[in-house]
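Please work from the sequences and hints to get the whole structure.
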Amino acid sequence: NAGVTQTPKFQVLKTGQSMTLQCAQDMNHEYMSWYRQDPGMGLRLIHYSVGAGITDQGEVPNGYNVSRSTTEDFPLRLLSAAPSQTSVYFCASSYPSGRTDTQYFGPGTRLTVL
Amino acid sequence: QQQVKQSPQSLIVQKGGIPIINCAYENTAFDYFPWYQQFPGKGPALLIAIRPDVSEKKEGRFTISFNKSAKQFSLHIMDSQPGDSATYFCAGLSGSARQLTFGSGTQLTVLP
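Heads up: the sequence lines are chains A and B, in that order.
For what it's worth, the numbering used here labels the leading residue of the first sequence as 1, then goes sequentially.
For what it's worth, the numbering used here labels the leading residue of the second sequence as 115, then goes sequentially.
If you are wondering where the hints come from, they were derived from the structure by calculation, not from laboratory data.
Take these hints with a grain of salt, some might be off.
In the DSSO-like style, the derived pairs of lysine-lysine whose C-alpha atoms are separated by at most 30 Å in a straight line are [claimed, not checked]: (1) A:14 to B:156; (2) B:185 to B:119; (3) B:172 to B:156; (4) B:119 to B:156; (5) B:119 to B:172; (6) B:156 to A:9.
Label pairs and their calculated CB-CB ranges [said to hold, decoys possible]: (7) B:153 to A:86: 20 to 26 Å; (8) A:28 to B:165: 22 to 28 Å; (9) B:142 to A:28: 28 to 34 Å; (10) B:130 to A:86: 36 to 42 Å; (11) A:67 to B:124: 37 to 43 Å; (12) B:143 to A:95: 20 to 26 Å; (13) A:62 to B:168: 34 to 40 Å.
Negatives, chain A to chain B, calculated, CB over 12 Å [unchecked claim]: (14) 26; (15) 64; (16) 77; (17) 80; (18) 82; (19) 83; (20) 85.
Please read these numbers as outputs of a predicted model, since none were measured by experiment.
Think of the CB as a built atom: it goes at the ideal place given N, C-alpha and C, for glycine as much as any other residue.
Now the structure itself:
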């Protein structure tokens, strides 16, 4: 299993540009999430999904869109990039059960908005 | 509003020392408390976790102590090694969607 994969690893955008961060998992996990990591602030939840066709907002959703058409993929779209969106973005997946609530994280995408 | 407060922000110990990282939470809906370890350039990885009906959990050199009445929990690393140098995050998990709320992180350096 590849686990959780993210592309690209690095990206530089200009203010106002749009782009999509890709996330895929091959573990048949129902739950997938997007977090952003900023210095001194830990990881904050942007959007999450509890299954194909179902998404919801997290703590910091403004400026981001998501969709979940398949179990495997959960792309994050930046509609009009702003310097405040400069961050490291992590995708995570999990299959909650009564025994474990482990979330598996991808390697991250480092985004810089100029 | 930060629902999980973590301290210290950074910590330096000698090899063999016992670093302790503390977290306090506000949300009583949390029902699972994981610790994640993150190395530079990598995503966080689950290290150890505890449920609130247990006061202590040990896995190898890592121990979580949990105080439900005080809404506090801590990570102890016994016989710390330079390879333990990483950033550690505590977190709380809640809700049917199993959402994670993270602390701000502690950068641990273990000197050889």
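The hints, checked one at a time:
1. A:14 to B:156: holds, 25 Å
2. B:185 to B:119: holds, 11 Å
3. B:172 to B:156: holds, 25 Å
4. B:119 to B:156: holds, 23 Å
5. B:119 to B:172: Cα-Cα ~22 Å, so holds.
6. B:156 to A:9: Given pair residue 156 (chain B), residue 9 (chain A) holds - Cα atoms ~11 Å apart, limit 30 Å.
7. B:153 to A:86: 20 to 26 Å: holds, 22 Å
8. A:28 to B:165: 22 to 28 Å: Holds - the Cβ-Cβ distance for residue 28 (chain A) and residue 165 (chain B), about 25 Å, lies within 22 to 28 Å.
9. B:142 to A:28: 28 to 34 Å: holds, 32 Å
10. B:130 to A:86: 36 to 42 Å: About 39 Å separates the Cβ atoms of residue 130 (chain B) and residue 86 (chain A), which means 36 to 42 Å holds.
11. A:67 to B:124: 37 to 43 Å: holds, 39 Å
12. B:143 to A:95: 20 to 26 Å: This hint holds: roughly 21 Å between Cβ atoms.
13. A:62 to B:168: 34 to 40 Å: Since the Cβ atoms of residue 62 (chain A) and residue 168 (chain B) sit about 38 Å apart, the hinted range of 34 to 40 Å holds.
14. 26: holds, 16 Å
15. 64: holds, 16 Å
16. 77: holds, 20 Å
17. 80: holds, 26 Å
18. 82: Residue 82 (chain A) clear of chain B: closest Cβ-Cβ about 23 Å, beyond 12 Å.
19. 83: holds, 22 Å
20. 85: Non-interface label stands for residue 85 (chain A): nearest chain B Cβ at 19 Å, farther than 12 Å.
In summary, the structure agrees with every hint in the numbered list given earlier.
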